[in-house]
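Visitor: Go by the hints and put chain B onto chain A.
One-letter residues, chain by chain:
There are 2 protein chains.
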Amino acid sequence: MLKSRDDKKRYYSSFTTKLEKVDVIRLRKPRVVVLGAGYGGLITVTRLQKLIGVNEADITLVNKNDYHYETTWLHEASAGTLHHDKCRYEIKDIIDNSRVNFVKDTVVEIKKDEKKIVLAQGELEYDYLVISLGSNPETFGIKGLKEYAFGITNINSSRQLREHLEYQFATYNTEEHKQEDRLVIVVGGAGFTGIEFLGELANRVPELCREYDIDHKKVRIICVEAAPNALPGFDPELVEYAVNHLQRKGVEFKIGTAIKECTEDGIVVAKDDQMEEIKAGTVVWAAGVRGNSIVEEAGFENMRGRVKVKPDLRVEGHDEVFIIGDCALIINEEINRPFPPTAQIAMQQGETCAKNLAVLVRGQGEMEEFKPDIKGTVASLGESDAVGVVFGKKVVGTKASFMKKMIDNRALFMVGGPSLVLKKGKFKFF
Amino acid sequence: MLKSRDDKKRYYSSFTTKLEKVDVIRLRKPRVVVLGAGYGGLITVTRLQKLIGVNEADITLVNKNDYHYETTWLHEASAGTLHHDKCRYEIKDIIDNSRVNFVKDTVVEIKKDEKKIVLAQGELEYDYLVISLGSNPETFGIKGLKEYAFGITNINSSRQLREHLEYQFATYNTEEHKQEDRLVIVVGGAGFTGIEFLGELANRVPELCREYDIDHKKVRIICVEAAPNALPGFDPELVEYAVNHLQRKGVEFKIGTAIKECTEDGIVVAKDDQMEEIKAGTVVWAAGVRGNSIVEEAGFENMRGRVKVKPDLRVEGHDEVFIIGDCALIINEEINRPFPPTAQIAMQQGETCAKNLAVLVRGQGEMEEFKPDIKGTVASLGESDAVGVVFGKKVVGTKASFMKKMIDNRALFMVGGPSLVLKKGKFKFF
Chain A
1 MLKSRDDKKR
11 YYSSFTTKLE
21 KVDVIRLRKP
31 RVVVLGAGYG
41 GLITVTRLQK
51 LIGVNEADIT
61 LVNKNDYHYE
71 TTWLHEASAG
81 TLHHDKCRYE
91 IKDIIDNSRV
101 NFVKDTVVEI
111 KKDEKKIVLA
121 QGELEYDYLV
131 ISLGSNPETF
141 GIKGLKEYAF
151 GITNINSSRQ
161 LREHLEYQFA
171 TYNTEEHKQE
181 DRLVIVVGGA
191 GFTGIEFLGE
201 LANRVPELCR
211 EYDIDHKKVR
221 IICVEAAPNA
231 LPGFDPELVE
241 YAVNHLQRKG
251 VEFKIGTAIK
261 ECTEDGIVVA
271 KDDQMEEIKA
281 GTVVWAAGVR
291 GNSIVEEAGF
301 ENMRGRVKVK
311 PDLRVEGHDE
321 VFIIGDCALI
331 INEEINRPFP
341 PTAQIAMQQG
351 ETCAKNLAVL
361 VRGQGEMEEF
371 KPDIKGTVAS
381 LGESDAVGVV
391 FGKKVVGTKA
401 SFMKKMIDNR
411 ALFMVGGPSL
421 VLKKGKFKFF
Chain B
1 MLKSRDDKKR
11 YYSSFTTKLE
21 KVDVIRLRKP
31 RVVVLGAGYG
41 GLITVTRLQK
51 LIGVNEADIT
61 LVNKNDYHYE
71 TTWLHEASAG
81 TLHHDKCRYE
91 IKDIIDNSRV
101 NFVKDTVVEI
111 KKDEKKIVLA
121 QGELEYDYLV
131 ISLGSNPETF
141 GIKGLKEYAF
151 GITNINSSRQ
161 LREHLEYQFA
171 TYNTEEHKQE
181 DRLVIVVGGA
191 GFTGIEFLGE
201 LANRVPELCR
211 EYDIDHKKVR
221 IICVEAAPNA
231 LPGFDPELVE
241 YAVNHLQRKG
251 VEFKIGTAIK
261 ECTEDGIVVA
271 KDDQMEEIKA
281 GTVVWAAGVR
291 GNSIVEEAGF
301 ENMRGRVKVK
311 PDLRVEGHDE
321 VFIIGDCALI
331 INEEINRPFP
341 PTAQIAMQQG
351 ETCAKNLAVL
361 VRGQGEMEEF
371 KPDIKGTVAS
381 LGESDAVGVV
391 FGKKVVGTKA
401 SFMKKMIDNR
411 ALFMVGGPSL
421 VLKKGKFKFF
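Order-wise, the sequence lines are chains A and B.
Count the first sequence with full-length UniProt numbering and you get residues 1 to 430, in order.
Count the second sequence with full-length UniProt numbering and you get residues 1 to 430, in order.
Here are the simulated lysine-lysine pairs, DSSO-like style, with alpha carbons at most 27 Å apart:
no., chain 1, residue 1, chain 2, residue 2
1, A, 178, B, 146
2, A, 218, B, 104
3, B, 86, A, 217
4, A, 178, B, 104
5, A, 399, A, 424
6, A, 86, B, 178
7, A, 64, B, 218
8, A, 218, B, 86
9, A, 86, B, 217
10, A, 92, A, 424
11, A, 116, A, 104
12, B, 218, A, 86
Partner residues are not named here, just some residues of chain A that face chain B (Cβ under 8 Å, in silico):
no., residue
13, 156
14, 166
15, 171
Keep in mind that the hints were calculated from the coordinates and are not lab data.
Nothing here was measured: the structure is a model prediction, and the numbers come from that model.
From the three backbone atoms N, C-alpha and C, an ideal C-beta is built for every residue, glycine too.
For reference, chain A alone in the conformation it holds in the complex (with noise of 0.2 Å):
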């Protein structure tokens, strides 16, 4: 797709006049190529885009899609309480297009030793690369799952979840001979991404009932989670809030059951060696994400995808490459666990990136060690209910959801400034 830059190269250098000598040099401006636009991507190319001037580096952003979405949002996508078109932005918009050369591609491979990105349409060279990949779902080997579990993990995959609910509600009253196990609806993980959308979907299904005239006490909401707290790492006091507001909303909890296997008619589920079936039209899995395959595969040291950067965010023995948001790990030394895989974080890191790359562009200044900032951590629970810690501070009900939104408000605004949060931002706080 993109001609190479060293064929260029080397027919301008036979060239002796002035000229092309100018042109050579233009052509050695060292190219960086960012993997992904999501949030840390997003913020580092919008950032770069001011920090340095447009003679001193190409940059070209990659991502599949020519959109970004929010990730932390499509929890309510997938629940269909918020359309999916709210939760995305056109990447054209956000960026420089005079300064930025975007992509829309899908990474294949990195080739880190040739410094080569090889993409579904092509091939890109670069002189510093930043990866932002996002994650792909954990699926821990359980069977099945992949087949026949809905995912909340994209665009694509939220809308189908969406539209696979209303299809089973709408199936429900067609047949002769009642399938209860239609209206049962099982979620996966009662983590953060599955209590968030357990909260949309307490708040849906009344509105399913009515569209599709289906009485809601044949509806069941049950989330199964293994571990044996849900939201773990929350504190106790809000975990309880969180758990009898869904409760009270008629989500039932198997908590300390794991999911054995996930089968075309629902799942089969374990607790203290019981094994249990339980039919369901509809499983979701929304129990954990790895770092991404790509990075896997290129032979970078990692763990489940995600590899140990160093305080400046570049990888250990190649100092062109940055990784940041979900792929990369980050010890907490705190507690010494890594930290949560957190779109606060990838944008913080996005800042960070920018800075670094901008000194390696021009060969001057100090690389900036990165320091998360960790400002708070609200789950929703629904449209008007969260739970959550928040400038150290414990908050739950409105209050909390108002913080929630706030923090959705506020990714926008580092994104793409006002006028993106004026587009896409939620303002329905009470």
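Guide: Positioned in the frame of chain A, the structure of chain B alone reads:
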């Protein structure tokens, strides 16, 4: 469910005071039972409740749902161009609840010799019966149609079809290996319903493509019709207009081609002994109806569930039984073929039926003969185009589309007066 009135009669007959005698007389009021709240049944009841006094007869209306739906609008609900709630209204809002006893139940059997109706939840006795149960789909014994094809039959089937279509579009982009067949929609039948559904579908597909990021060129709509022409019975000039209109919007026609089998993957068709498999994510069967199976099972002499009725709409040999609407067979003597089962005729029959019931209940007056008065027939081709004949004149385009909406609004007016027209009417004329 309902206590036997005979029991009560015997009980009251044992008394001799004047007061009880009056009660006995009152209990002997004739019982009119109307089965089905379609166009024919609803018109019968709404006219009858005005024609006769509250002491002259007991009127009971039985219907499977607590709502009436506009059968002739279902192609819109099925395509997703009109919400199904716009196509239905509650029966209790239409009937005079102080005069008509509404029973929401499913008719299981008509015991015509015992003058009894067996319902799913109970039994009813009648002195006069109106059978206005509507039609069943006619699959002509084609293998697999019942299992795999979607129907435009009622509210339930329409919203299932709508959601199935959405699900196919939503799933397409989630698949690593794209199944192009997902976006193939086969419509079996180029009769009235088939053509009207195609008109809506042709408008809906571009919306679905936008919603799910799909290239319009990837979608195929194929109409398969066994007869040598689309819209059999229509003027050839109008047929040509309709087919051209739909072809311009991307519909492919396979005329003179019979569906031999429907499978999970699509259909098998035959033309001139040539067999062909068409893979399709959606197959819609819109090729005809027959009378109701309840009527067949009741033992009335019938042709595919339709019973030839006398000019006063009663059944030969059963002077207490009226059959109207899709289950009634009336010969159009001009062409020596049966009138097609249309809403227009069903409503006109309802008017006659109500008048004749009043005559029977009172034991005075003269029975009216039913004479269909065909004002026109218009087939819509989406939101803003149509073809048809109105008051003997051919109409096409926006004029025909306007007439179609007037016909739809008139049906509302006939049943529920101006308030129903304002609530559910179609006013987007241009």
